[in-house]
Amino acid sequence: AQSVAQPEDQVNVAEGNPLTVKCTYSVSGNPYLFWYVQYPNRGLQFLLKYITGDNLVKGSYGFEAEFNKSQTSFHLKKPSALVSDSALYFCAVRDRRSGGSYIPTFGRGTSLIVHP
Amino acid sequence: NAGVTQTPKFQVLKTGQSMTLQCAQDMNHEYMSWYRQDPGMGLRLIHYSVGAGITDQGEVPNGYNVSRSTTEDFPLRLLSAAPSQTSVYFCASSSSGRRTDTQYFGPGTRLTVL
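Heads up: the sequence lines are chains G and C, in that order.
For what it's worth, this note's numbering labels the leading residue of the first sequence as 12, then goes sequentially.
For what it's worth, this note's numbering labels the leading residue of the second sequence as 125, then goes sequentially.
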C-alpha cells in the first residue's frame, strides 16, 4: 500500500521569505515522489520529481524538494516566496517495486498563501 | 499540441440525469485516468485505463462508467447523477507504464448536481 500525508491544510508566508510545504509518504518499497501545483480554476501542473540520485531535486519556478529516506519526507521548498506562488500544492507517490501500484497516490493538498 | 482537453468546463444537472464528461489527449499517451477533487479530500481516483480497450476501477468508481475505444479519448459517464457527485473532475494522461512518468492534467469540469 502507498500513502501520502500533507500535514498542513494551509501555509502562510510573507513575500520574500523562504517557504516550506511538507509531505511525508509511506510505501512498501522505495518511492518515486512528485510535486504538482494547481492555480485557481486550473488543472494540476507538474513541478518536480524524485527518481533516484541526488536527494535535492530542482524544479520549475525556482522550487526544489529534498528527499529524506530516514524521515520518509519530501518537503517542497523555495528560498524566496512570490505572491504569484499562491496556489494549491499536491504531493504524490508511486511505489518503485514492479509489483506495486502504477497509479500514483496524491496527498490532500496544501494551500500556500503568500502575503505581499 | 493541445495536451489534455476536457469538455464541458461547467455543467449543472438535476438528480437522476445522465451525462458524459469528455476527455481527449493528443500526445499518444497510453495511460489515462479520471479523478474527482473535493474540498479537504484531495484527488481521488475514479477509473483508469492502461490502453485502448482496457479499463479498471480506482478508489471511488461507484456511479461512474468509462470506456476506452481509442488511445485519444477517455469519456466518463454518470449514469444517474446524485448530489454527492457534485465535484470538480480532472482527466490525466501519462505516456507509458513507467512509474517515473509525469501526469498531464486537463483543465477540469466543474459539475453541480441539484
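Some clues are possibly wrong.
Claimed, not checked - If we take Cβ atoms under 8 Å as the criterion, some of the chain G residues that face chain C in the derived model are: (1) K33; (2) Y43; (3) Y50; (4) L55; (5) I62; (6) Y72; (7) F78; (8) K80; (9) Y113; (10) G120.
Said to hold, decoys possible - Derived, one-sided and incomplete: chain G residues facing chain C with beta-carbon distance under 7 Å: (11) G54; (12) K69; (13) F74.
Derived from the structure by calculation, the hints contain no laboratory data.
If you're wondering where the values come from, they're calculated on a predicted model, not measured in any experiment.
Backbone N, C-alpha and C define an ideal beta-carbon position, used for all residues, glycine too.
(message) Run through the hints listed earlier and report the numbers of any the structure violates, in increasing order.
(response) 1, 3, 6, 7, 8, 12 and 13
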